[in-house]
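Number of protein chains: 2
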Amino acid sequence: MLVKSQVKYIQSLGQKKFRDQEGVFVAEGPKIVSELLTASNVPLVTLYAVKEWLEKNHESLVSFSSPQVVEVRDSELERLSSLATPNQVVAVFGQPSFTALPPRDSGRIRLLLDSIQDPGNLGTIVRIADWFGLRHVVCSPESADVFNAKAVQSTMGSISRVRVTYEDPEEHIGRDDLPAYATTLGGTSLYKMERIDAGIIVIGNESKGIRDSLLQKISHHITIPRIGEAESLNAAVATGIVLSHLVSSQ
Amino acid sequence: MLVKSQVKYIQSLGQKKFRDQEGVFVAEGPKIVSELLTASNVPLVTLYAVKEWLEKNHESLVSFSSPQVVEVRDSELERLSSLATPNQVVAVFGQPSFTALPPRDSGRIRLLLDSIQDPGNLGTIVRIADWFGLRHVVCSPESADVFNAKAVQSTMGSISRVRVTYEDPEEHIGRDDLPAYATTLGGTSLYKMERIDAGIIVIGNESKGIRDSLLQKISHHITIPRIGEAESLNAAVATGIVLSHLVSSQ
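Chains as they are written, first to last, in this note's numbering: chain A, 1 to 250; chain B, 1 to 250.
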């Protein structure tokens, strides 16, 4: 049974202000919830699911007590869900802690996102970062929030393995003595670049690209050569292509 | 002034059945509409826009007569739009014709999509195909419709330059004598592959991958080596990475 205050609480977590105040975020759907339940650095706060899902997943839930796990009817799930088609389970998790995660080979390579606005793009970029072994994605303060429901969904669980911080991008780039890379027009062809071990790779806003003040701090300008006529590539796709060339274990 | 039958007509075009029957599709928002107006192979049928947009774009509209171009109020645009936030202009275009498009260097390379379900992914893949100079994307019949509003939006105009057809994937792959490539587990590392001039690159469904009967027809299995822990890459991102390695002018 669901009480009104629970519905109100979950709905309030649609807003970044309340998510940050509570230090939590919401994940929806069997795939991502199951993955996050296995992540030791993402504590479960409360989980609401239909009977069918609870029966199928009782093994992942043995360590949780009943007030944490609530069985709901389809109609109740609908009230909790932010999706057009609610999908069996909605869960509130504590925001991940990264202090105990082991280092990675590509850990000295970081992404710096300059105002990525679309939560889906942001989540997809975090997933790409995870694939290529990065541990840290830095976002400018105007970027989408990684704990937005759509962003969480798009990370496909990588949100538990990649730390996402919000910082002034110019300060960040100036702080460490790392080379800074960015895709811009008229740079060196990506295919002429060597693989890198450390550095900050800057990805610009979906329509405006990288702000001028940040461009001035880029040491390596890279271009993905175009054969056809599309005006640009999607920001997440460009990130994938660049990481594949610069970071991969060729 | 907008009449009720116009609203009904545009709304009916939200369904694939009516789009195909009429041979048209709907595009929304200044960026994509402006781009499609310049495409000689995409005829304008009707355009509905707010005064501000019409004044700014009167030069692109000089060759169109008044019943084709309709000024609407914000409240009227809302009734026509499929977007949460309607954006100045909604236009009905004839589905593009590709017979007169010039050939391209990468024209002998094709994408074959096996049940890409998400219209946003499909549109993004068409945009990537355009960037890398491909002229043709083949979709299995269960794939999303490229004339779906979200897909059109995600192509960012590439829908006028890349032909998208719906065909039985197994028949398609058997018809020409072209090598077939696909990303699967345990294939050759992408980074060991040579650049190709002709071939069919198969991209699988977002969660199920490539169907078994199609896998059997793949001559080259490719793997994008993973460094971190993400379970997979987004289908469009994987397409971008594969095309960047196989098709680019390195």
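Be careful, since some hints might not be right.
For identical chains, the list gives no copy identity; a pair is met inside one copy or between any two copies.
[Claimed, not checked] Keeping only pairs whose Cα atoms sit at most 27 angstroms apart, straight-line, the calculated DSSO-like set for lysine-lysine is: (1) LYS192 / LYS56; (2) LYS51 / LYS208; (3) LYS208 / LYS56; (4) LYS208 / LYS150; (5) LYS208 / LYS192.
Worth flagging that the hints you see were computed from the coordinates, not collected in a lab.
For each hint, the structure was consulted:
1. In this assembly of identical chains, LYS192 and LYS56 lie within 27 angstroms of each other by CA distance neither inside one copy nor across copies; the values are 51 angstroms within and 42 angstroms between.
2. Within a single copy, LYS51 and LYS208 get their C-alpha atoms only as close as 47 angstroms, which misses the 27 angstroms cut-off; across copies the closest is 25 angstroms, which meets it.
3. Taking CA atoms no more than 27 angstroms apart as the test, LYS208 paired with LYS56 passes between copies only; the shortest distance there is 20 angstroms, against 46 angstroms inside one copy.
4. For the homomeric pair LYS208 and LYS150, the shortest alpha-carbon distances inside one copy (22 angstroms) and between copies (21 angstroms) are both at most 27 angstroms.
5. For the homomeric pair LYS208 and LYS192, the shortest alpha-carbon distance inside one copy (26 angstroms) is at most 27 angstroms, but the shortest distance between copies (35 angstroms) is not.
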